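There are 4 protein chains.
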Amino acid sequence: MAQKIRASIIGASGYTGGDLMRILLMHEGVELKCLTSERFAGVPVTKLNPNLRGFTQATFVSVTEIKPQENDVVFLCVPHEKAQDYVADYMKNYPHLKIIDLSADFRIHDQKTYEHYYCAHRHPQLLKEAVYGLPEIHREQIRSARLVACPGCLPTSTILPLYPIVKAGLIDLSHIVIDSKIGSAAAGASFDISTHHPERQGVVRAYKPSGHRHIAEMEQELSEAAGTQVKVSFSPHGVEMVRGIFTTVHAFLNRPVKDVDMWKLYRGAYGNSPFVRIIKDKETLYRYPEPKMVAGTNFADIGWEIDEHANRIVLMGAIDNLIKGSGGQATQCMNLMFGLDEKTGLWQPGLHPY
Amino acid sequence: MAQKIRASIIGASGYTGGDLMRILLMHEGVELKCLTSERFAGVPVTKLNPNLRGFTQATFVSVTEIKPQENDVVFLCVPHEKAQDYVADYMKNYPHLKIIDLSADFRIHDQKTYEHYYCAHRHPQLLKEAVYGLPEIHREQIRSARLVACPGCLPTSTILPLYPIVKAGLIDLSHIVIDSKIGSAAAGASFDISTHHPERQGVVRAYKPSGHRHIAEMEQELSEAAGTQVKVSFSPHGVEMVRGIFTTVHAFLNRPVKDVDMWKLYRGAYGNSPFVRIIKDKETLYRYPEPKMVAGTNFADIGWEIDEHANRIVLMGAIDNLIKGSGGQATQCMNLMFGLDEKTGLWQPGLHPY
Amino acid sequence: MAQKIRASIIGASGYTGGDLMRILLMHEGVELKCLTSERFAGVPVTKLNPNLRGFTQATFVSVTEIKPQENDVVFLCVPHEKAQDYVADYMKNYPHLKIIDLSADFRIHDQKTYEHYYCAHRHPQLLKEAVYGLPEIHREQIRSARLVACPGCLPTSTILPLYPIVKAGLIDLSHIVIDSKIGSAAAGASFDISTHHPERQGVVRAYKPSGHRHIAEMEQELSEAAGTQVKVSFSPHGVEMVRGIFTTVHAFLNRPVKDVDMWKLYRGAYGNSPFVRIIKDKETLYRYPEPKMVAGTNFADIGWEIDEHANRIVLMGAIDNLIKGSGGQATQCMNLMFGLDEKTGLWQPGLHPY
Amino acid sequence: MAQKIRASIIGASGYTGGDLMRILLMHEGVELKCLTSERFAGVPVTKLNPNLRGFTQATFVSVTEIKPQENDVVFLCVPHEKAQDYVADYMKNYPHLKIIDLSADFRIHDQKTYEHYYCAHRHPQLLKEAVYGLPEIHREQIRSARLVACPGCLPTSTILPLYPIVKAGLIDLSHIVIDSKIGSAAAGASFDISTHHPERQGVVRAYKPSGHRHIAEMEQELSEAAGTQVKVSFSPHGVEMVRGIFTTVHAFLNRPVKDVDMWKLYRGAYGNSPFVRIIKDKETLYRYPEPKMVAGTNFADIGWEIDEHANRIVLMGAIDNLIKGSGGQATQCMNLMFGLDEKTGLWQPGLHPY
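These protein sequence lines are chains V, G, B and X, in that order. If you count the first sequence from 1, position 133 lands on 138 in our numbering, and the numbers rise without skipping. If you count the second sequence from 1, position 88 lands on 93 in our numbering, and the numbers rise without skipping. If you count the third sequence from 1, position 179 lands on 184 in our numbering, and the numbers rise without skipping. If you count the fourth sequence from 1, position 11 lands on 16 in our numbering, and the numbers rise without skipping.
With the rest of the complex left out, here is chain V (with noise of 0.2 Å):
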């Protein structure tokens, strides 16, 4: 391989950074240089991140360590409303650096509805600039892109079984309801009671029944796959494991559908995309995706199952939300920007059992 990517990631300490890192330290087309974080600036990763003992020395620097002239890309992994600052930063003053952030700052291209789900935005007219980066509906934008907004988990695990279907126009786009399963890693690092073992262990818990900020990024695409405002039923619940997201979509049909078109109509979209699985089989337990078969994998595994009773077909989406709905995202997303085959540094099946 020629000329390795010098990459930094803004923000390394939480698990959204701490698994890109260690995607990227394995990854060979990357040299690593920053991994910042203002609270353990000093600190070997490996205090933090156990699983990576033997593989790396290297310490949390403070961001002021950035030498984004010494960088092709910068990773952030703040929270939304603290990336604003370093995306306007850089894209104004380091005209050569690309930027992924794995924040919400950038993905919502509407200045209102970012602002309803979220904060005010200093750096509107920046939004426009970036590509939402979800390589599968995407690809094309993504490789010429300067600024990745990288999407969030849940929509990732939404969208991609929704998108081919709505853009088909095979659903009633008025009843789509969105009832996902997640688990409990999708807190990040940072504790509380709601996560505290004796209280998380064993819980199915609605939160945020109605109301997530997910539902813009899922609006927003899905209103673009159908060519009309879309509005979204979501609910997302918290589960008994620590990686992983499955989310089932009830959609009614507006015509019927068998399973050969649904065949056709996911092989169609999905065709060129290695990390999107289509899982459908009718002899064996695993006959649908399962959070466990792509725990610590990139893959996105969908499927369906079609109710004539109801007139309804239920969609399903699994993925692991820290690598899929996160960091092997943005690595995917970079893999793209730079023009390496997509499947770099991350091609690599699960395990079973898990």
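It is worth saying that the hints were derived from the structure and are not from the lab. Wrong hints could be hidden among the right ones.
Any copy, or any two copies together, can satisfy a pair, since identical chains are not distinguished.
Simulated pairs of lysine-lysine, DSSO-like, Cα-Cα distance not exceeding 30 Å [unchecked claim]:
no.	residue 1	residue 2
1	K87	K52
2	K38	K348
3	K269	K348
4	K117	K213
5	K285	K52
6	K287	K236
7	K269	K287
8	K285	K97
9	K348	K133
10	K52	K269
11	K172	K348
12	K213	K72
13	K348	K9
14	K117	K287
15	K285	K269
16	K287	K87
17	K97	K133
18	K213	K287
19	K38	K285
All figures in this text were calculated on a predicted structure; none of them were measured in a lab.
With the hints as your guide, set chains G, B and X onto chain V.
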């Protein structure tokens, strides 16, 4: 207390029978006569129910050991199809005997519907004799019933939050989406690869996303509430817990509804039902129902959230599938049938943390 | 039942206090007076104990609300060091009042040992007044005690299987290895990174493999049994469960022992102790004690296996750390102190499956 | 890389064979020939290994399909007793072929010991040909071996922390207590009531507290280290995880030992062993080995704590039983046998959080 109720359990070696046994053993008004199992006849019940060590010396016996004339009530914990002949025999030959059937054989009033979802019915004339044993909906009928057909666990968690709102005409009956999450004990005591721990641990696994048998009960009861035929969109998911169901109902509103309306509706419907708790709290982690809060109890906790954005209401129901979804509900019915306080033998809080 | 026992709990907002509250609320012979918490004064107890919804309307109050003269017993569920002054005050000023201290402050008879493992003791003269509240060992002393110091959870699971065999002189006192496995509820209601679900889920984590404070209690009681000073080798491990302890004791035999000898020994020691069950079964899956079988109960299940190859005996103890290891044991002591049947309010089987 | 190693797996349909298949599929130096299963011959391997979807189109074949002359190495993943004849056949008739046996059939050098713990051995003359496949102890022998017998998973987690300290004569050889905690995948892909999820979830379950077969391997290797016969006291416990073993060794010191001595000892023993990590950290949550840190990897993390009070040292070992305890170790042996870097195809960090 006066004379004890003499009770037997047919098919006592499964999880349903085992947990009913536990409840009845501790019930001050019940004398347990026979606990039958053909496979385990002669074996002490504590061999299969290690929790009951110190509480009973009983052994399983063959069903031929039951003397119906020495019983006041018989509980049927056999699979559907097998209960049919027991019920017919007892109904015909032992007029004094009350029957509580925990199988699906007498839940469905309509023979065709039953036979569509299950199998041929050999005693269809008895279908009209059975009362659907959901005390919160059919309390008065249960009091005077000879034959009670206890609801399935998933329908219990679904019908309770839905019934009042359907009856009040508040929701669009054409788009009722029911997304349930259920623990592994639902599989019963018999095992296969799907319940093998390495394969089942930590899953979110769709099973029967369409066409699940419990749809029949749900539609029967909800149609009665609506005064018109209702179709539901139902998909259950296995998740990582042993006991417990959490059901999320996504329904679309016919007209705007406020929290205060829901409080009134549910209080009106369940104000006299000790085992339904309305959970709607703004300030705590536990602001919605959760399976962990009802585990080990006969409670059905119900709650809701209004989604103005999508004109939707999210209803939630949580039960312990082996208690309120099974033996506890059966005991509650028995209490009513014999004129006892509904709560007798069942008035226990859960554990926190569980 | 005659006059109810008037009881208050100081420090009722943690898991220990919360579970004791649950037990006492359901105890037919107890009238709960004050449930104190400085942090949560004014807050309904169900906000922290969602399982108790429908069972109480009580709110936490400040400890200053307690009127000792209107109580018959006070339970102390505060951390060690904090219990010292409450005990001293009540012992001195309220001679009618019985005190059950669930902290470690009065468990250790020897001041030096206490201070080695904990902190300075401000009222060492009271150490000799306290009875170590393990009813199976000190039942008669507890009956007449004014001050009972309830054992720690790990010592309860350890001393019960070991005491009789140590007393009988069957094992080598120099090589007693105690390897405990414990659930996350042991951490109490306060949280940090070590109990953050993604970090705690599925662990087997050694903590304090040497020097754990509970060694002091174990050695005190076992030395008493032995009639000579005993040292133990103790290492606890956090494992994936919420409630429960399983303790494996590895001891070396002074002379050959047979199963029948162990049966005699344990029956002799615990034949009159309703909450100790001897578990030794050849034919079932449940042939040894298990935490799942005692979860939600006050039982201490004990068992053994003889290892002729290594001249070793393996002793096993399983308890629910929040019940037999905490509030249940405290209630058992209270029953004895007030002349009630030891089982009152505690005679419940566990759930199967749990 | 030069010519690929042509490899087949006999008995590829279990968890051991399945995970070995995953590793070899991704191994750049291996060409997989036959994956045999009599029961699943003709079935795509992804039906049993859903994680491998997208990575292989292979189907299971009957063992009769193997052409030994077209293979360089055969891995045996069949149960003990069944491996004997395959090994004898290949050793006799295919001198070019290397054999890596993952069963117990050739682990024990002493026929009597093997037959005491297992069954009759039909080819005892081959026992002396086999090398015990623990690379960290027998690296040089493995390099030149034709027949390697891979260690059991529990012995791997035990021998690695114990071997150096036994060899150094630091501990009392008469009181070595080994207390292991192991996940459910150890049961393999075959199921019964003991692995039924409701019965297995959340357990701490002693199984074979005495007389476990793996004692034979442990004593063989440790006796070799000691230069005298060693007996161990070994008890494994099933705990709630899928993959993973944590072994706690409690040993008594012959003379005082300090942390610095242990560092020297372990560095000396394993400084050249890339898959042994010494974990001993004062400041973090992860200061000892943990199964979660090695899950999905070939690492064996080892650590210790000194207990001056009881003159004891606590040794700890953590591995993924399906990798370092099985197929990963087998691959590591293969690398050595074929002159590859030991790390080839295995150099992956785990996930955090897992």
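For each hint, the structure was consulted:
1. K87 to K52: within (25 Å within a copy, 34 Å between copies)
2. K38 to K348: both (22 Å within a copy, 25 Å between copies)
3. K269 to K348: Classified as within; 24 Å inside a copy, 42 Å across copies.
4. K117 to K213: The answer is within: 21 Å in one copy meets 30 Å, while 41 Å across copies does not.
5. K285 to K52: Only across copies: K285 and K52 sit 12 Å apart there, 42 Å inside one copy, limit 30 Å.
6. K287 to K236: So K287 and K236 pass the 30 Å test across copies only (26 Å; inside, 33 Å).
7. K269 to K287: within (17 Å within a copy, 47 Å between copies)
8. K285 to K97: Close neither inside one copy (47 Å) nor across copies (46 Å); limit 30 Å.
9. K348 to K133: So K348 and K133 pass the 30 Å test inside one copy only (27 Å; across, 46 Å).
10. K52 to K269: between (48 Å within a copy, 22 Å between copies)
11. K172 to K348: Within one copy only: 26 Å inside a chain, 47 Å across chains, cut-off 30 Å.
12. K213 to K72: neither (40 Å within a copy, 43 Å between copies)
13. K348 to K9: Both, since 16 Å and 23 Å are each at most 30 Å.
14. K117 to K287: Intra 46 Å, inter 27 Å, cutoff 30 Å: inter-copy only.
15. K285 to K269: within (13 Å within a copy, 45 Å between copies)
16. K287 to K87: For K287 and K87, the Cα distance is within 30 Å only across copies (29 Å; inside one copy 47 Å).
17. K97 to K133: within (15 Å within a copy, 72 Å between copies)
18. K213 to K287: between (35 Å within a copy, 12 Å between copies)
19. K38 to K285: between (42 Å within a copy, 28 Å between copies)
Hint compliance for this structure: hints 8 and 12 are not met, and every other hint is.
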